[in-house]
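In the order they appear, the protein sequences are chains X and A. So my numbering is basically just the index in the first sequence, starting at one, shifted up by 76. So my numbering is basically just the index in the second sequence, starting at one, shifted up by 76.
Worth flagging that the hints you see were computed from the coordinates, not collected in a lab. There could be a bad hint or two in this list.
A pair counts as met if it fits within one copy or between any two copies, since identical chains are not told apart.
[Claimed, not checked] Only pairs whose alpha carbons sit at most 20 Å apart, straight line, appear in this in silico DMTMM-like list of lysine to aspartate or glutamate:
no. : residue 1 : residue 2
1   : Lys99     : Asp213
2   : Lys100    : Asp213
3   : Lys346    : Asp171
4   : Lys96     : Asp219
5   : Lys304    : Asp342
6   : Lys174    : Asp198
7   : Lys304    : Glu331
8   : Lys249    : Asp221
9   : Lys312    : Asp221
10  : Lys93     : Asp221
11  : Lys125    : Glu111
12  : Lys93     : Asp219
13  : Lys120    : Glu79
14  : Lys99     : Asp264
15  : Lys215    : Asp267
Protein chains: 2
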Amino acid sequence: MVEPFADYINTGEWSKKSIKEAKKYCTVNVAATSEATGFTSIPKSDTWKLDPNAAYVHICSNETIGGVQYHSAPNVGEVPLVADMSSDILSRPIDVSKYGLIYAGAQKNMGPSGLTVTIVRDDLIGQALPITPSAFDYKQQADNDSMFNTPPTYAIYIAGLVFQWLKKQGGLKAIEAHNRKKAGLIYDYLDNTTFYSSPVAREDRSLMNVPFKLKNEALDEAFLKGAKELNMLQLKGHRSVGGMRASIYNAMSIEGVEVLVGYMKDFEKKNG
Amino acid sequence: MVEPFADYINTGEWSKKSIKEAKKYCTVNVAATSEATGFTSIPKSDTWKLDPNAAYVHICSNETIGGVQYHSAPNVGEVPLVADMSSDILSRPIDVSKYGLIYAGAQKNMGPSGLTVTIVRDDLIGQALPITPSAFDYKQQADNDSMFNTPPTYAIYIAGLVFQWLKKQGGLKAIEAHNRKKAGLIYDYLDNTTFYSSPVAREDRSLMNVPFKLKNEALDEAFLKGAKELNMLQLKGHRSVGGMRASIYNAMSIEGVEVLVGYMKDFEKKNG
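Take these sequences, add in the hints, and give me the full structure.
Right, dumping it as structure tokens:
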């Protein structure tokens, strides 16, 4: 009997955390990684060293720190595709049939933290390792209508309100258009100035998290200070990449992004 | 090297669930059980077959279904005492120093479901099995101020409001007096009628969950129907024990219990 193993695609900090965790339970084969280029792109899927005998292929559909995002489900053949969609679920329509398993923490686009949604293909249910905690055993959860233990009722209630809000916005197609418009406002500006820059490969840019850099890093603190005065918080990039990062999840309005881009232009005028 | 094992005290449904789960990770020695008498009492601690080499002794401090409760921490010598306090934490003062580990879901006396509190003795941190999910590894949680992953922020906020409410009530001593008064109203009545009875040994009766039986089970449905008309819901006992059960957690008022006892008396008058 061959030791079970899984293929992982490493596109950043969240992929790395998943790989580290998975190594407790199986052999991990990193089938592709963009670590060498600082996680500024997603490895082209035709370069992935996938093994048809892998138990599954794992991706993180959106990396919040590096700001890279899959814009379609990669083709991984017959092997089940597993996706951590914590930071972009509900930001756009997805073809669920292309995935074996989707999991996502609620706290970005779905509701309060403390709730995780999993969507598991029927035939993948019932294969838990004997050491799996019962609450994480999809068969036990499915057999109990996701109420094996007392579920986080209030978080589920709030998620229900968010689903209703999404429907009122026009559903996932409408929210995707909304998100494309917001991200486009920032990326278009970044591509037409030398004062700021986007470190991410154009085709892999995230619609949720937009990292950008000031050409002159010495101005970073002044940029953040001015943003704070306009009530724009949390714009500092993660310490592992530096620079700035605009997180523009579903709840961020177009007006909010317009204020940011307006501020960026003003700051450039004053300091450029 | 001896296989690690743990001593468990089986006092009902929640103990049984813990035993079942623990068997995935170690050998379980059931050092005492009240199963033979239908979990209507807690085995006297001087009859427990404890092993001084056990990794820990596990108890469930309050069994919601059977309605038995420890009224003090049992003496288990040098072995760490581990307690599932999900259904009676914050209902009374406890001497935390007598426990190696306390864990409790928030949903009874602390706040919304989806939050679990653990209190771990410093020297017991850092002994997780390699297969422990990182979020359940107390060392990783302690090293990250309980924010290894995004914590359930809203549930923590509500728990904070409950802690403030408890302080306003006079703290845990006052809430214990309140709980004793409530439970006393029901138990005193149960002990002075033959129409109803308490199945639980007097010294082990829970202050949180009061199971009781009608002498004539044929009246059960009528009792529940009348209670419902007075907006008293969820009085039906768990199917494994039958009869009735009044759950009177911290949030239940004395007036609420008085209405219940008044109804019980009326019902006895009409049907006794």
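Verification of the supplied hints:
| no. | hint | in the structure |
| --- | --- | --- |
| 1 | Lys99 <-> Asp213 | both (18 Å within a copy, 15 Å between copies) |
| 2 | Lys100 <-> Asp213 | both (16 Å within a copy, 13 Å between copies) |
| 3 | Lys346 <-> Asp171 | neither (46 Å within a copy, 63 Å between copies) |
| 4 | Lys96 <-> Asp219 | between (30 Å within a copy, 17 Å between copies) |
| 5 | Lys304 <-> Asp342 | within (14 Å within a copy, 65 Å between copies) |
| 6 | Lys174 <-> Asp198 | within (13 Å within a copy, 46 Å between copies) |
| 7 | Lys304 <-> Glu331 | within (17 Å within a copy, 51 Å between copies) |
| 8 | Lys249 <-> Asp221 | neither (29 Å within a copy, 40 Å between copies) |
| 9 | Lys312 <-> Asp221 | neither (41 Å within a copy, 22 Å between copies) |
| 10 | Lys93 <-> Asp221 | between (29 Å within a copy, 18 Å between copies) |
| 11 | Lys125 <-> Glu111 | within (15 Å within a copy, 56 Å between copies) |
| 12 | Lys93 <-> Asp219 | between (30 Å within a copy, 17 Å between copies) |
| 13 | Lys120 <-> Glu79 | neither (28 Å within a copy, 48 Å between copies) |
| 14 | Lys99 <-> Asp264 | neither (40 Å within a copy, 58 Å between copies) |
| 15 | Lys215 <-> Asp267 | neither (48 Å within a copy, 45 Å between copies) |
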